[in-house]
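2 protein chains.
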Amino acid sequence: MDKAVVLLSGGLDSATVLYLAKKEGFKCFCLIFDYGQRHHKEIKSAAAIARAAKCEREVVKISLPWKGSALLDDKIKIPGLTGSSAHRLTGVIPLTYVPGRNIIFLSFALSYAEAIKARAIFIGAHAHDYSGYPDCRPEFYRAFNQAACRGTKAGAEKRKIGIRTPLINKTKAEIVRLGARLGVPFALTWSCYRGEKQPCGECDSCYYRAKGFKEAGIKDPLIKDER
Amino acid sequence: MDKAVVLLSGGLDSATVLYLAKKEGFKCFCLIFDYGQRHHKEIKSAAAIARAAKCEREVVKISLPWKGSALLDDKIKIPGLTGSSAHRLTGVIPLTYVPGRNIIFLSFALSYAEAIKARAIFIGAHAHDYSGYPDCRPEFYRAFNQAACRGTKAGAEKRKIGIRTPLINKTKAEIVRLGARLGVPFALTWSCYRGEKQPCGECDSCYYRAKGFKEAGIKDPLIKDER
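Protein sequences, first through last, are from chains A and B.
All residue numbers for the first sequence refer to the numbering used here, where the first residue is 1 and numbers rise by one.
All residue numbers for the second sequence refer to the numbering used here, where the first residue is 1 and numbers rise by one.
Since the hints were made in silico from the structure, they are not lab data.
Be aware that one or more of the hints could be misleading.
Just so you know, same-sequence chains aren't split out, so a pair can sit in one copy or run between any two.
Claimed, not checked - Here are the simulated lysine-lysine pairs, DSS-like style, with alpha carbons at most 30 Å apart:
(1) Lys153 <-> Lys224
(2) Lys153 <-> Lys41
(3) Lys197 <-> Lys27
(4) Lys211 <-> Lys117
(5) Lys197 <-> Lys153
(6) Lys44 <-> Lys3
(7) Lys219 <-> Lys197
Here chain A stands alone, though its shape is the one from the complex (with noise of 0.2 Å):
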């Protein structure tokens, strides 16, 4: 049984893509990162996960003393949906963005991968509704794949370890609908900036998991009632 390090945020796209990696018959470890968040919900949220799949798990802390990011830094204020849309019509970089976020798991996720002799590494980026982030991008990750080769003993033993983004083509829509299928446990998942007791229903996260459910005509069992 081949293995493989699956990065799990908390969200429901990358518990999408822990289901996927099981139904294609991988033996799964999970990466969650405690990176200093403003909440500690999605990690959580991402143990309760990863239970639930029956996978072993490692949580890795790490700190970005230098910050630069609305996510990790407790004086700016997370854009609500008024700030958040000026993004989604103009293309620019949002404010959330963590510099190197995802370069910096994907490097931790290839050292696990080496030491247990993974064979793939799951991520479950994708490029269309957060075309603003510019480590989501299909680019990166064939340029993060070509690094990976070529600085790792597995690679330079032709044991190669892929990087494998499923869902980098796919809509929230189209991701939702997939979950659903796979009997991803929606309920477990945590996609919202703020760590409320509720989801706050204004940040980009809240906007676009409701967006996909609404659009895969799915109801989204974290939200109770209508508002």
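With chain A's structure known, arrange chain B on it following the hints.
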């Protein structure tokens, strides 16, 4: 004055790179990792070198729970001259290889560089002596450079962050000569894999350092008396 992030390990290679970047006119920001090395002597050395060079520094603590390298794992004995000479003859990747280490370091450097708007990242890797490490090969750095371009806000906005490996084709003797010319405080550097009071003189790193100083015809200030 353009800014640069310099990866500083405490050894003589990265110290030489720091002084080279300063000579080129960069305002340098040193990035030091505390990644569970078996001894902290190299972290102290790195901090002392940054102070001597009058540069700002950040220490990032990272944990690799999966280990898998003699440099991180107390259970693996660090190979002495007999063991390590094998890889110099056979080209086998040494036990002291840390899975994905340089790619992790570079990813953090990229995040730091984005946050402070630096134009370059300097790393003291070289392909000559340590040909056993896959993440010291020029083709790895070229591939990572591409990934860095495509996966960052800086790259997306056409402000390129260049990955600079000025030592990549130099021998240790050439590095020692260059360092001497640039006034690198060799006495503050530390190369030995073991963290004892004096360099052990037996590990790979001591072997290459001694060879480099000898071939350069320069005395290593860390070696108090002839043995």
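To see whether the hints hold, each was checked on the structure:
1. Taking the shortest alpha-carbon separations for Lys153 and Lys224, neither the intra-copy value of 49 Å nor the inter-copy value of 37 Å comes in at or below 30 Å.
2. Proximity of Lys153 and Lys41 under a CA criterion of 30 Å is satisfied inter-copy only: 27 Å between copies versus 36 Å inside one chain copy.
3. Proximity of Lys197 and Lys27 under a CA criterion of 30 Å is satisfied in neither setting, with 33 Å inside one chain copy and 45 Å between copies.
4. Taking identical chains as interchangeable, the C-alpha atoms of Lys211 and Lys117 are never at most 30 Å apart, the minima being 39 Å within one chain and 35 Å between chains.
5. Taking CA atoms no more than 30 Å apart as the test, Lys197 paired with Lys153 passes in neither setting, with 45 Å inside one copy and 32 Å between copies.
6. Proximity of Lys44 to Lys3 under the C-alpha cut-off of 30 Å is restricted to the intra-copy arrangement: shortest distance 24 Å within a copy versus 38 Å between copies.
7. When the C-alpha separation of Lys219 and Lys197 is checked against a cutoff of 30 Å, the pair qualifies only within one copy, where the shortest distance is 19 Å, while the shortest distance between copies is 65 Å.
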